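A.B. asks: If you're matching them up, the sequences are chains F and Y in order. The first sequence begins at 1 in the working numbering and counts up by one. The second sequence begins at 1 in the working numbering and counts up by one.
None of these hints come from the bench; they were simulated from the model. Please read all numbers here as calculations on a predicted model, not as lab measurements. Treat the hints loosely; a few may be bogus.
[Claimed, not checked] In silico SDA-like pairs for lysine to any residue, Cα to Cα no more than 20 Å straight-line:
no., chain 1, residue 1, chain 2, residue 2
1, Y, K125, Y, Q137
2, Y, K131, F, R121
3, Y, K125, Y, G108
4, Y, K118, F, R97
5, Y, K131, F, T114
6, Y, K131, Y, G108
7, Y, K125, Y, A136
8, Y, K131, F, V37
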Amino acid sequence: MLLRSLQWAVAWFLLYMGLHILSVRLGRPRLYFVHSVRLFGVLLAAFLGCLVARGGLRGFALLNSAVVFGSLWAFYMEVTFIVMRSVSVRTMVEFARAPTRALAEQELDRLYDTELMFDRRIDSMVTNGYLRQVDGHFGLTGRGAVVANIFRLIRRLLNIQTYG
Amino acid sequence: MGGALLSVLWMLAVMAVSILLFHLRPVQRRFRTLCTVFAVGAVGFTVSYLQMSPAVFGLPPNRTEPWTEFLNGFYLYSFWFFGVFVQLYSLADRGFSLTMLTDLLSEGSVIRTRQEIKAGYASGKGTAYVKHKRMAQIIHGGFIRREQDGYRDTRLGRRVGRFLLTLQQLYRFRETG
């Protein structure tokens with residue numbers, strides 16, 4: 001029964017991946033994370049409904065199947081976020097695009113302006129409700145303060161002194 | 001079920017060891033240290049799975065699918081470690097948005113202009129720090145190398161760069177980085 005629970009989880013994850021790629025390519029969602037979470041929520045509900053209706057998996061096997069499906073999704077989201085937002089990834093892609101495979105310092109700055117990257121992150125935090133904008137000034141919202149407190153605690157716990 | 005429960009126990013153990021190591025002595029290459037702790041935990045997980053009877057967890061003594069249970073447990077152990085713990089570590093260590101949020105919190109939840117946020121990034125290191133840190137890491141990883149007035153990618157960097165570009169095109173990500 002455990003093997004079947006894993007097969008179900010992998011099959012549904014592959015279905016999610018296919019639908020996700022298709023919807024992102026066709027729909028180009030403005031809020032990528034929200035779109036991905038919603039699609040996952042719909043598929044998880046359908047997945048559990050399907051398993052319960054069929055009656056093949058019960059108890060621990062059912063829970064395990066849901067946890068494995070969720071973990072595959074989390075891994076997948078982490079990878080796509082790195083591909084989308086990592087500075088190192090973007091830098092390496094600029095080299096892959098460059099015809100001579102070499103870039104001068106100024107050329108790299110022109111192709112990938114880190115100042116603009118910071119602007120995008122600030123705008124994204126305003127859109128997602130972590131920062132509020134008043135007359136060109138930015139401050140923390142309640143949600144932003146909660147997240148900042150959690151990560152300040154994690155930094156202390158992991159003794160991270162040089163960050164950024 | 002025993003494999004899944006063991007994965008949680010070993011995850012908690014390696015998490016505690018990692019935190020202890022980070023507090024006891026200065027660790028230079030933290031990701032390497034995390035991987036070493038993970039590997040030691042993986043051996044511990046395997047040995048304890050093979051040696052421990054499922055009855056320890058109040059389960060029936062005979063395993064019906066021993067190898068599937070082992071692989072399931074090992075996968076979950078890897079997920080708790082890399083998908084949760086390392087991910088949280090990475091966000092706390094390198095997350096830009098999170099660093100901007102914690103900067104604002106440290107300054108007493110004040111309001112700042114864009115320029116002030118950028119100049120004060122990572123307790124005053126500024127935006128140039130980000131670029132230099134990432135470039136140093138890419139060079140250290142062997143993906144690009146320094147030349148007289150710029151940089152050139154290595155064979156490894158070329159392959160990885162092309163693969164990442166293909167992924168970005170697959171998802172049609174417009175603004176990346």
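A.B. asks: Holds or violated: K131/Y with V37/F, Cα cutoff 20 Å?
C.D. replies: Given that 20 Å is the threshold and the Cα spacing comes to 31 Å, the pair is violated.
A.B. asks: Are the Cα positions of K131/Y and G108/Y separated by 20 Å at most?
C.D. replies: Distance of about 27 Å is beyond 20 Å: violated.
A.B. asks: Verify the proposed pairing of K125/Y with Q137/Y, using a straight-line Cα cut of 20 Å.
C.D. replies: Holds, because 17 Å separates the two Cα atoms, which is no more than 20 Å.
A.B. asks: Is K131/Y close enough to R121/F, meaning Cα to Cα at most 20 Å?
C.D. replies: Answer holds: K131/Y to R121/F is near 15 Å, not above 20 Å.
A.B. asks: Verify the proposed pairing of K125/Y with G108/Y, using a straight-line Cα cut of 20 Å.
C.D. replies: holds (18 Å)
A.B. asks: When you check the alpha-carbon spacing of K125/Y and A136/Y, does it fall within 20 Å?
C.D. replies: Measuring from Cα to Cα gives roughly 16 Å; hence the hint holds.
A.B. asks: K118/Y and R97/F: Cα distance at most 20 Å?
C.D. replies: Distance ~28 Å between K118/Y and R97/F Cα, so the pair is violated.
A.B. asks: Hey, K131/Y versus T114/F, does the alpha-carbon distance stay inside 20 Å?
C.D. replies: Distance ~7 Å between K131/Y and T114/F Cα, so the pair holds.
Against the hints set out earlier in the document, violations occur for numbers 4, 6, 8.
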